[in-house]
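J.: Mind docking chain B on chain A? Use the hints.
2 protein chains.
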Amino acid sequence: MSFHEIKERISVETALRIIYSRIAKVGVEEVSVGDSLGRIVPCDITSNIDVPHFVRSAMDGYAVVAKDTFGCTQQKPAKLEVYGECRVGEMPKTRVSSGRAVEVATGSQLPGGADAVVKVENTRRNGNALMVFFPVTPRENVSEIGEDVKKGEVVIKSGQAVRPQDISVLLACGIMKINVAKRPTAAVIATGNELVEPGGKLIPGKVFNVNSNTLSAYVSLYGGEPADLGIVGDSFKELRSALESGMKYDLVVFSGGTSVGKMDMLPDVVSSIGEILFRGISMRPGGPTAFGLVQGKPVFLLPGFPVASMVVFETLVGPTIRKMMGARHLDPRGEVIAILGNRIASTIGRRDYVRVRLEQAADGATVAYPVRTSGSGIISSMTKADGLIEIPEDSEGMEKGSKVTVKLFPE
Amino acid sequence: MSFHEIKERISVETALRIIYSRIAKVGVEEVSVGDSLGRIVPCDITSNIDVPHFVRSAMDGYAVVAKDTFGCTQQKPAKLEVYGECRVGEMPKTRVSSGRAVEVATGSQLPGGADAVVKVENTRRNGNALMVFFPVTPRENVSEIGEDVKKGEVVIKSGQAVRPQDISVLLACGIMKINVAKRPTAAVIATGNELVEPGGKLIPGKVFNVNSNTLSAYVSLYGGEPADLGIVGDSFKELRSALESGMKYDLVVFSGGTSVGKMDMLPDVVSSIGEILFRGISMRPGGPTAFGLVQGKPVFLLPGFPVASMVVFETLVGPTIRKMMGARHLDPRGEVIAILGNRIASTIGRRDYVRVRLEQAADGATVAYPVRTSGSGIISSMTKADGLIEIPEDSEGMEKGSKVTVKLFPE
Numbered sequence: 001m002s003f004h005e006i007k008e009r010i011s012v013e014t015a016l017r018i019i020y021s022r023i024a025k026v027g028v029e030e031v032s033v034g035d036s037l038g039r040i041v042p043c044d045i046t047s048n049i050d051v052p053h054f055v056r057s058a059m060d061g062y063a064v065v066a067k068d069t070f071g072c073t074q075q076k077p078a079k080l081e082v083y084g085e086c087r088v089g090e091m092p093k094t095r096v097s098s099g100r101a102v103e104v105a106t107g108s109q110l111p112g113g114a115d116a117v118v119k120v121e122n123t124r125r126n127g128n129a130l131m132v133f134f135p136v137t138p139r140e141n142v143s144e145i146g147e148d149v150k151k152g153e154v155v156i157k158s159g160q161a162v163r164p165q166d167i168s169v170l171l172a173c174g175i176m177k178i179n180v181a182k183r184p185t186a187a188v189i190a191t192g193n194e195l196v197e198p199g200g201k202l203i204p205g206k207v208f209n210v211n212s213n214t215l216s217a218y219v220s221l222y223g224g225e226p227a228d229l230g231i232v233g234d235s236f237k238e239l240r241s242a243l244e245s246g247m248k249y250d251l252v253v254f255s256g257g258t259s260v261g262k263m264d265m266l267p268d269v270v271s272s273i274g275e276i277l278f279r280g281i282s283m284r285p286g287g288p289t290a291f292g293l294v295q296g297k298p299v300f301l302l303p304g305f306p307v308a309s310m311v312v313f314e315t316l317v318g319p320t321i322r323k324m325m326g327a328r329h330l331d332p333r334g335e336v337i338a339i340l341g342n343r344i345a346s347t348i349g350r351r352d353y354v355r356v357r358l359e360q361a362a363d364g365a366t367v368a369y370p371v372r373t374s375g376s377g378i379i380s381s382m383t384k385a386d387g388l389i390e391i392p393e394d395s396e397g398m399e400k401g402s403k404v405t406v407k408l409f410p411e
Numbered sequence: 001m002s003f004h005e006i007k008e009r010i011s012v013e014t015a016l017r018i019i020y021s022r023i024a025k026v027g028v029e030e031v032s033v034g035d036s037l038g039r040i041v042p043c044d045i046t047s048n049i050d051v052p053h054f055v056r057s058a059m060d061g062y063a064v065v066a067k068d069t070f071g072c073t074q075q076k077p078a079k080l081e082v083y084g085e086c087r088v089g090e091m092p093k094t095r096v097s098s099g100r101a102v103e104v105a106t107g108s109q110l111p112g113g114a115d116a117v118v119k120v121e122n123t124r125r126n127g128n129a130l131m132v133f134f135p136v137t138p139r140e141n142v143s144e145i146g147e148d149v150k151k152g153e154v155v156i157k158s159g160q161a162v163r164p165q166d167i168s169v170l171l172a173c174g175i176m177k178i179n180v181a182k183r184p185t186a187a188v189i190a191t192g193n194e195l196v197e198p199g200g201k202l203i204p205g206k207v208f209n210v211n212s213n214t215l216s217a218y219v220s221l222y223g224g225e226p227a228d229l230g231i232v233g234d235s236f237k238e239l240r241s242a243l244e245s246g247m248k249y250d251l252v253v254f255s256g257g258t259s260v261g262k263m264d265m266l267p268d269v270v271s272s273i274g275e276i277l278f279r280g281i282s283m284r285p286g287g288p289t290a291f292g293l294v295q296g297k298p299v300f301l302l303p304g305f306p307v308a309s310m311v312v313f314e315t316l317v318g319p320t321i322r323k324m325m326g327a328r329h330l331d332p333r334g335e336v337i338a339i340l341g342n343r344i345a346s347t348i349g350r351r352d353y354v355r356v357r358l359e360q361a362a363d364g365a366t367v368a369y370p371v372r373t374s375g376s377g378i379i380s381s382m383t384k385a386d387g388l389i390e391i392p393e394d395s396e397g398m399e400k401g402s403k404v405t406v407k408l409f410p411e
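Note that the protein sequences, when read in sequence, are chains A and B.
Start counting the first sequence at 1; every next residue gets the next number (our numbering).
Start counting the second sequence at 1; every next residue gets the next number (our numbering).
Isolated chain A (complex conformation) (with noise of 0.2 Å):
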């Protein structure tokens, strides 16, 4: 057996624990509000003024003096006055004093001397005269200074993705550039004698690279930058000289070389120039997967078998790029309840991690069926599925008809 055999696996929760105390933040960059869908922000971001700055009507209507419309009915209408109109992003012209009325809209300021609006569907008006059929009350339909946002009041909230309405709330606040956190990027190094790129010819014992485009794609979707680096043999000196070439970057993952062939050897690599801090987890599939730091940037080693990559870098590797932005939710999978369709078995002391399909059931209930695989060698599980389920450590199995929590493949 190889020097590397595998001795201890550590469980999930320690191996994060590991990676997110050894990884440093990285930094900031100044993009426009527009420009920011998805990125996420380092700190809390405060407006500097009132939205609104002027205090404006809520309807369409007329403002007036309240005091004007109380006790006033459908029989015995308050009769006022029409003094022009205060149209929307114009400067009122008049003034309202008792028994006058200005015509506004949604979003007009309100005059002077105004203090509530009358909806336009309790009234009429003939010419300059209006009668008004319900009262308001001093306020009513007013927008006020600083409703929607106070001077000084925290909008953004450090470590949270950018969505489309909070570019609509800063702007409001006239922000116009905001410091989000610099993506992340990552080497994308996929190793084995046995790869060759995809669509060429097919060669008895080679397969197709298919690591580097989708763990690419992952980087991606996670908010990291990827960049791919290739296939990279099995030789220490190549190996080597690929991970010398990832120190470019704040990451390199590393994908295959890290089971128990004599072939593996991948950790020596990581060790000779950096230090490796764990290898194996105890996890299906996925077990296999070490991590090191060289020149204290995090270094994946994944398994190479697509399916076991994949697992691990929604639960390690995606988690760890969006914790180095200071992301608030590490994890951005959806989740949802589900009703085991089949009995799944698992071993204690291992984190199992179970691709399913869901299907409506005809009441209506989310029932989630264990997607049959021969191992993590079938690619196809992971497309045929909608999201994983994990069986704990403590766990030997899930009985049909159990409430799982199913995570959602993110898209």
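Rather than coming from a laboratory, the hints here were simulated on the basis of the structure.
Treat the numbers as computed from the prediction; the structure is a model and nothing was measured.
There may be inaccurate statements among the hints.
No distinction is drawn between identical chains; accordingly, a pair holds when it is met within one copy or between any pair of copies.
Derived lysine to any residue pairs resembling SDA-like cross-links, with alpha carbons at most 25 Å apart [as the list claims (entries may be wrong)]:
1. K177 - K201
2. K157 - D50
3. K67 - R124
4. K403 - I348
5. K407 - E335
6. K297 - E335
7. K150 - I348
8. K157 - G341
9. K119 - R372
10. K403 - T366
11. K119 - I10
12. K67 - N128
13. K157 - G364
14. K403 - N126
T.: What follows is chain B alone, placed relative to chain A:
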């Protein structure tokens, strides 16, 4: 009152039915599989090859003739002789016959003559002498040709968005380029004399234009390509000229200019060179929304209030963009089931969209609290919320403690 008073509002369902019946699909374009993340596949994609295309070992161990191991035990191991090794990525140099074994690793091509693989942990080796302690059945620990994907099998179904695992399976099938739906291009036009570009001086009566960037972000999020055509004033001539500029794109999204105020002439502008298909929807916020067709292209007239325009975007415009791409799932938003934390009142005959914030209760339940708001002018009600609850048309509201479905805001 204006000529354009809204007389009859249609339901959200009817609005969607009208829109979907009148829009055309966008064309397709060829992209590299590595660049296809998130794109919509308009037609089923089939594999032209079997994956794997050769029989391979599913384990690290020894390729054997299964019959040689029948009946072996820990006490009475089968004794075989090792004749070399077949590494991953290499062609087998040796055949296996009865009494012989060839060392293999996971992914190695299975040497001729072998019909099973014995796991390395179930053996002991001394030089070329191999002891096998557990029997294997024929084909055990062997990946068969086409086990992952069979030649002719559909690997991606039409209407699906490409995920990382789909990239993986496509490349495994040797597929390097695929057809995807083009991203619909959307002209985004903000209207209103009250609008000024954000970041300038605060002027009483004027407000910063937030809708252009917000709706552009939404267009991107739903898979389209936004073109920000800026702010247009409330004049027939300017609006018509903007609409004509919008005809260079696949759809047009106006915000502002749809309520019953006198200055809202946008529906007239659309009618002058196309047709208005509906005006007014029984929903809140977003009721004054209108929709038309000009030169066969969908034209959305959204309310100017940011919250209303966002809710209508998620309800109508986003799904339309996805429908134009042929997406299977028109609504990409995640959902969670929650317990309502406060009573919500609603009106029969209208669908209400209530912004809610989610909290985890002590017992682990997810509780949805309506975000207190005084109208759709309050942008921060969207940023403080996590999603929307839809109160259906036939409901007068929902009691505290009800089970509700929250549509999560897209990120």
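J.: At most 25 Å between CA atoms: does that hold for K407 and E335 within a copy, between copies, both, or neither?
T.: Both: 5 Å inside a copy, 12 Å across copies.
J.: Between the shortest in-copy and the shortest cross-copy C-alpha distance, which are at most 25 Å for K297 and E335: within, between, both, or neither?
T.: Close neither inside one copy (31 Å) nor across copies (37 Å); limit 25 Å.
J.: Between the shortest in-copy and the shortest cross-copy C-alpha distance, which are at most 25 Å for K403 and N126: within, between, both, or neither?
T.: Answer is neither; intra-copy 66 Å and inter-copy 50 Å both fail.
J.: Treating 25 Å as the Cα threshold, decide for K177 and K201: within, between, both or neither.
T.: So K177 and K201 pass the 25 Å test across copies only (16 Å; inside, 50 Å).
J.: Give the relationship of K157 and G364 under a CA distance limit of 25 Å: within one copy only, between copies only, both, or neither.
T.: Answer is between; shortest inter-copy Cα gap is 24 Å, intra-copy 37 Å.
J.: Tell me, please, which holds for K403 and T366 at an alpha-carbon limit of 25 Å: within, between, both or neither?
T.: both (10 Å within a copy, 16 Å between copies)
J.: Quick one: K119 to I10, C-alpha cut-off 25 Å, is that within a copy, between copies, both, or neither?
T.: between (67 Å within a copy, 23 Å between copies)
J.: With 25 Å as the alpha-carbon cut-off, assign the pair K157 and G341 to within, between, both or neither.
T.: between (40 Å within a copy, 23 Å between copies)
J.: When no copy is named, should K157 and D50 be tagged within, between, both, or neither for a Cα gap of at most 25 Å?
T.: This pair counts as within: shortest intra-copy Cα distance 18 Å, inter-copy 50 Å.
J.: When no copy is specified for K150 and I348, does a C-alpha distance of 25 Å or less occur within a copy, between copies, both, or neither?
T.: neither (54 Å within a copy, 35 Å between copies)
J.: Is it within a copy, between copies, both, or neither that the alpha carbon of K67 lies no farther than 25 Å from that of R124?
T.: Classified as within: same-chain Cα gap 19 Å, cross-chain 98 Å, threshold 25 Å.
J.: Please sort K67 with N128 into within, between, both or neither, judging by C-alpha distance up to 25 Å.
T.: within (20 Å within a copy, 104 Å between copies)
Hint violations for this structure: numbers 6, 7 and 14, all remaining hints satisfied.
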